[in-house]
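Chemist: Starting from the known structure of chain A, arrange chain B on it as the hints suggest.
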Amino acid sequence: MTMTTTRPVEADVVPAAPVAPRRRRVATVRRAAAYLLLVVLSIAVLVPFAWMVSSSLKLDNEVFSVPVRWIPAEFHWENFTNIWERIPLLTYLRNSVFLSLTITVLQVLTGSFAAYGFAKVRFPGRDALFLAYIATIAVPWQAYMVPQYIIMQKAGLVNTHLSLILLQAFSAFGVFLMRQYYLTIPDELSEAARLDGLSEYGIWARIILPLSKPALASLALLTFVNTWNDYMGPFIYLTDNKLWTIQLGLRSFIGLYDAEFAMIMTGSVLSVLPILVIFLLGQKYFVRGIAPSGLK
Amino acid sequence: VAGTTANPAQVPGRISGRGPGGPPSQASRRWRSIRLGWSFILPNFLGFATLTLVPVIASLALSFLDWDSYSSPEWVGLANFERMIHNETFWTALRNTAYYAVGHVPLTLCAALGFAVLLNQKLRGVRFFRTALFFPYITSLVAVAVVWNMLLSPEVGPVNQLLRAIGIDNPPGWTTSTTWAMPAVILASVWRDLGYYMILYLAGLQTIPGELYEAAHVDGASAWQRFWNITIPSLRPTTFFVLIMLTISSFKVFDLVQVMTEGGPGRSTLVLSQVIFREGITQGRFGYSSAVSMVLFVIVLTITLVQFRLQRRSEL
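For the protein sequence lines, the chains are A and B, in the order given. Numbered by the working numbering, the letters in the first sequence go through residues 1 to 296 in order. Numbered by the working numbering, the letters in the second sequence go through residues 1001 to 1316 in order.
Okay, chain A solo, but in the shape it has when bound:
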């Protein structure tokens, strides 16, 4: 809005000004307008987070006040201690951490190991096999979740953490991501190591892995966050309360006590907090894991 009102005025006041300064001034105004727009829109995007945090520090009956009170009249920090007694939050968190860590470690290990086979070893049938990997990435998971479930049921693994670990630790995506990165590592490096008598496994462990740290970090962070946030997997496979992840626990809490608005928001904040910390620490790896795919 400032932009539309400022520009004509400026044109009237300095009609004879030389071209360059005027252009510069227009650029400044435009920049200020862009900035303002950015700030306003970003605040709009962040409103849900503000609501979440502010509600988590209120009493239940203060959450839906008219008009909205963005800063609580009184900060009820005790919500963050009481919630541990209201629901078995510690169990949920422990399960989430266990699943996310196990799946991430397995995914990174087997994914990068297999990627070496696809990127650095030449053998008959390799490319056909890789095609099978890629083809499954294009198949929506929902289209084969039922056969997956049948297999798990036959194996007696429904309602175990193992089922989720097996389902999520061997994804084709991890292999694909790592292979693409390995292809950018020149073969001369491994060739030199080979001449020094290093086995192929040694080359993977001592040459390729250390060189692919950024890609490993991207894969690890994306896998961890995806597993932490996963709702459908645990929802389908875990029925026992003791096995639930934070997402399932939070959802069930909402279902049971849908009027405890403040406590629900406290739980939400706690479920998002670990992701926020990880994201802030490893931000550039997230972007790196995503951005290349858009450039092709």
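Simulated from the structure, these hints should not be mistaken for laboratory data. As the structure is a prediction and not an experimental result, all values here were calculated from the model. Every residue, glycine too, gets a C-beta built ideally from N, C-alpha and C. It is possible that part of the hints are untrue.
[Unchecked claim] Pairwise CB distance ranges (calculated):
id: 1; chain 1: A; residue 1: L189; chain 2: B; residue 2: N1229; range: 43 to 53 Å
id: 2; chain 1: A; residue 1: L36; chain 2: B; residue 2: I1166; range: 19 to 29 Å
id: 3; chain 1: B; residue 1: L1078; chain 2: A; residue 2: L189; range: 47 to 57 Å
id: 4; chain 1: B; residue 1: Q1311; chain 2: A; residue 2: F75; range: 50 to 60 Å
id: 5; chain 1: B; residue 1: L1123; chain 2: A; residue 2: L256; range: 39 to 49 Å
id: 6; chain 1: B; residue 1: G1167; chain 2: A; residue 2: A33; range: 23 to 33 Å
id: 7; chain 1: B; residue 1: S1177; chain 2: A; residue 2: L90; range: 37 to 47 Å
id: 8; chain 1: B; residue 1: L1310; chain 2: A; residue 2: L37; range: 25 to 35 Å
[What the hints assert, rightly or not] These stretches of chain A come out as covered by chain B in the derived footprint (C-beta under 8 Å, 3 or more residues):
id: 9; stretch: 45–54
id: 10; stretch: 274–285
Modeler: Same frame as chain A, but now just chain B:
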């Protein structure tokens, strides 16, 4: 292909250095390369094959079987598909999924592009905004759903308070109304996804050479003209990719709807993935649910193939 590609990686020095005595034959080298390659791939492949590859192939076969958790499988040809096309719920879900896509795709695309263009300028604090705008994408779905449900609460929610304040006396009932539940889901999903596609657009914007803009500036083109005549055409490959990704992810929509509305009220937000889940896993009707899966699969496959065709044409 296999026979010729097996060799270039191997240097003569290495073969003689490794061989037990004298150079090994072509066949044994071939065999060794296969063993070596598979030894790397196998740990991942075991899990991948049993839990992805086999289920993918099985889901195709399952759709031709009459099979539920109580009976043994029986070949019924197209009977599942026949039942499906006469089933009201299936069509409702397909319509709802398409509705979701029609709302989600253009809105997310425009929002992502808009933010990317704003963030592509040399402004102070750009990094902060980029981080903040991306964060909803990795926020857990349950938290997203519950926050939006509260924000959109019909009587006392802040969104409707705002709408009343600007003079809309009868604001929508959002997730409690059959007409407004889907727009509510779309709103939450656009908010969640825009940061991801914004990153893709930012990557695309960075590939546009600055000289183009400078030249246009010298020619006296306005900011708007530069946007339409340089930015938009240069971003065509990115837009194309974003469009395909968005469309595919729209047809796969599942967890957000499940947590936010559970397909309700009534069946007003029921989507295809939920039908597959309910029929296949809750009800144990494996054959029928796989027929619905095939529909989802064919839709996604068609979009992917169209992408490949168009992309190849644009590269020529």
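Chemist: Next, verify each hint and record whether it holds.
Modeler: Going through the hints against the structure:
1. A:L189 / B:N1229: 43 to 53 Å: 45 Å, holds
2. A:L36 / B:I1166: 19 to 29 Å: 20 Å, holds
3. B:L1078 / A:L189: 47 to 57 Å: With Cβ atoms ~55 Å apart, the hint holds.
4. B:Q1311 / A:F75: 50 to 60 Å: 54 Å, holds
5. B:L1123 / A:L256: 39 to 49 Å: 46 Å, holds
6. B:G1167 / A:A33: 23 to 33 Å: Hint holds: Cβ distance 27 Å, inside 23 to 33 Å.
7. B:S1177 / A:L90: 37 to 47 Å: With a Cβ separation near 39 Å, B:S1177 and A:L90 satisfy 37 to 47 Å, so the hint holds.
8. B:L1310 / A:L37: 25 to 35 Å: 33 Å, holds
9. 45–54: It holds, with 7 qualifying residues against the three required.
10. 274–285: The restraint on the stretch 274–285 of chain A holds, since 5 of its residues have a Cβ under 8 Å from chain B and three suffice.
Taken one by one, the earlier hints all hold for this structure without exception.
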